[in-house]
Amino acid sequence: MPVPRPFTEAAPRVAIIGGGPAGLMAAEVLSQAGVSVDVFERMPTVGRKLLMAGRGGLNITHAEPAADFLDRYSAGRDALAPLIADFGADAIRTWAAGLGIDTFVGSSGKVFPAGMKAAPLLRAWLARLRAAGVRIHPRRRWTGWHADGALAFDTPDGPLSHRADATVLALGGGSWARLGSDGRWVDALTAAGVGIAPLAPSNCGFELDWSTHFRERFAGEPLKTVTLRFTDPAGRRHERHGECLVTAAGLQGPLIYALSAPLRHALATGPADITLDLLPDRSEAQLRTALAAPRGRRSLSNHLQRSVGLKGVKAGLLREVLAAESLDDPVRVAATLKALPLQVLRPRPIDQAISTAGGVRFAGLDPALMLTGRPGVFCAGEMLDWDAPTGGYLLTACLATGRAAGAGALRWLSADSRVTNR
1 MPVPRPFTEA APRVAIIGGG PAGLMAAEVL SQAGVSVDVF ERMPTVGRKL
51 LMAGRGGLNI THAEPAADFL DRYSAGRDAL APLIADFGAD AIRTWAAGLG
101 IDTFVGSSGK VFPAGMKAAP LLRAWLARLR AAGVRIHPRR RWTGWHADGA
151 LAFDTPDGPL SHRADATVLA LGGGSWARLG SDGRWVDALT AAGVGIAPLA
201 PSNCGFELDW STHFRERFAG EPLKTVTLRF TDPAGRRHER HGECLVTAAG
251 LQGPLIYALS APLRHALATG PADITLDLLP DRSEAQLRTA LAAPRGRRSL
301 SNHLQRSVGL KGVKAGLLRE VLAAESLDDP VRVAATLKAL PLQVLRPRPI
351 DQAISTAGGV RFAGLDPALM LTGRPGVFCA GEMLDWDAPT GGYLLTACLA
401 TGRAAGAGAL RWLSADSRVT NR
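Just so it is clear: in the sequence shown, position 76 is 76 by UniProt numbering, and no numbers are missing.
Rather than coming from a laboratory, the hints here were simulated on the basis of the structure.
Since this is a predicted model, take the numbers as computed values, not measurements.
For every residue, glycine included, the Cβ atom is placed at its ideal position computed from N, Cα and C.
Each hint should be verified, as a subset may be incorrect.
Unchecked claim - With a straight-line cut-off of 30 Å between C-alpha atoms, the simulated DSS-like cross-links for lysine-lysine are:
(1) 338 / 311
(2) 224 / 117
(3) 224 / 311
(4) 224 / 338
(5) 110 / 224
To be verified - Here are the simulated distance ranges between beta carbons:
(6) 339 / 159: 33 to 43 Å
(7) 229 / 82: 11 to 21 Å
(8) 346 / 68: 39 to 49 Å
(9) 133 / 224: 44 to 54 Å
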């Protein structure tokens with residue numbers, strides 16, 4: 001995506017609302033072109049969710065083939081494809097290198113900074129932005145527009161107005177409100193006539209109705225090396241292998257997050273039935289044979305552990321769903337171990353999700369991410385109506401849409417004499 005040449009006369013003023021990766025990337029594109037940039041952030045500092053994501057190792061993108069990469073965005077694929085083509089995995093790695101941050105590809109294809117942490121990248125990025133003249137204004141909550149078109153903010157010192165020649169909205173989704181993304185922008189945009197798909201939790205845990213005994217005994221236990229399967233209301237079969245975590249409320253973790261979108265859609269029509277293969281490396285026939293061996297004086301628990309290696313939380317799950325009188329039946333036990341039935345009731349609350357689906361509909365945006373009903377206002381990042389799993393896809397789309405919105409604002413400002421509010 002070509003970026004217009006830097007302005008040589010009086011610089012137009014652009015307001016960027018939101019100091020996450022999308023907003024900071026838009027600020028970078030604009031400031032490098034000589035635009036006067038103000039970033040407004042409701043929190044005391046910018047990039048808080050980025051820093052949180054980096055606590056366990058910042059996954060900045062993914063090295064898989066482009067077609068597979070784009071398929072991760074499901075319904076948002078077509079809208080995001082040209083933006084990610086302009087600023088995808090290779091470009092992001094080059095950009096990070098320009099900040100002095102080397103990256104590497106992990107065994108799963110995920111791309112990480114050499115030091116694994118987000119803080120060094122964010123520090124270098126902010127230093128470059130400040131050197132380019134970007135001004136960051138913390139503790140500014142955007143509340144919409146005044147009747148004259150000025151931006152309205154709530155601040156600790158009272159209401160504030162700000163006029164700009166163009167605006168980039170990069171307000172995040174609705175998860176992790178304590179880090180800055182609380183979704184309250186939905187009301188302001190809805191009042192302005194912008195089409196919004198309802199925000200919904202994504203990359204989230206799901207609730208199940210555990211028995212009191214199972215919840216008290218196994219909440220917090222990891223459930224390793226299992227395969228989750230379910231069929232959605234449209235008849236599509238979903239299957240994923242991995243691990244997750246038993247919680248007091250249900251299940252969460254990488255395996256669950258990877259299937260959160262189809263699970264969420266399935267739950268729209270009521271509870272969803274799933275199965276867990278607790279021992280995916282062994283066939284049902286092998287399990288039947290092993291379980292049918294005489295157990296002698298061994299207890300049932302010892303027999304399950306000695307014969308098929310079943311213990312801990314997996315043994316607890318078997319007892320959770322299978323009646324006591326069936327536990328001595330090797331045929332029933334083997335079948336249950338290969339397809340343990342569970343019913344998922346609902347996703348966890350949106351504020352506990354890693355990300356959110358829904359947001360500003362692409363139908364109300366032009367290809368440069370400008371609101372068609374409000375010229376000069378661009379949208380970027382997680383506040384757009386797309387969804388993706390963890391694995392570098394979330395951050396890639398935020399950076400790519402932030403860059404596209406910044407470049408779109410530049411082209412709009414450069415097109416003719418629309419800069420009138422300085």
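Using the C-beta atoms of residue 229 and residue 82, is the stated range 11 to 21 Å upheld?
With Cβ atoms ~35 Å apart, the hint is violated.
Honestly, do residue 133 and residue 224 meet the 44 to 54 Å range at C-beta?
holds, 51 Å
Run the distance test for residue 224 versus residue 117: straight-line Cα separation, threshold 30 Å.
Status holds; Cα separation ~26 Å.
Hint check: residue 338 vs residue 311, CA-CA at most 30 Å. Holds or violated?
holds, 15 Å
Take the C-alpha atoms of residue 224 and residue 338, compute the straight-line distance between them, and say whether it is at most 30 Å.
holds, 14 Å
Could you see if the CB distance from residue 346 to residue 68 stays within 39 to 49 Å?
Given a distance of about 30 Å, which is not inside 39 to 49 Å, the answer is violated.
For the pair residue 339 and residue 159, does the Cβ-Cβ distance stay inside 33 to 43 Å?
violated, 59 Å
If you draw a straight line from the CA of residue 224 to the CA of residue 311, is it 30 Å or shorter?
holds, 12 Å
Please work out if residue 110 and residue 224 have their alpha carbons no farther apart than 30 Å.
holds, 20 Å
Figure legend: structure checked against the earlier numbered hints; hints not met, in rising order: 6, 7 and 8.
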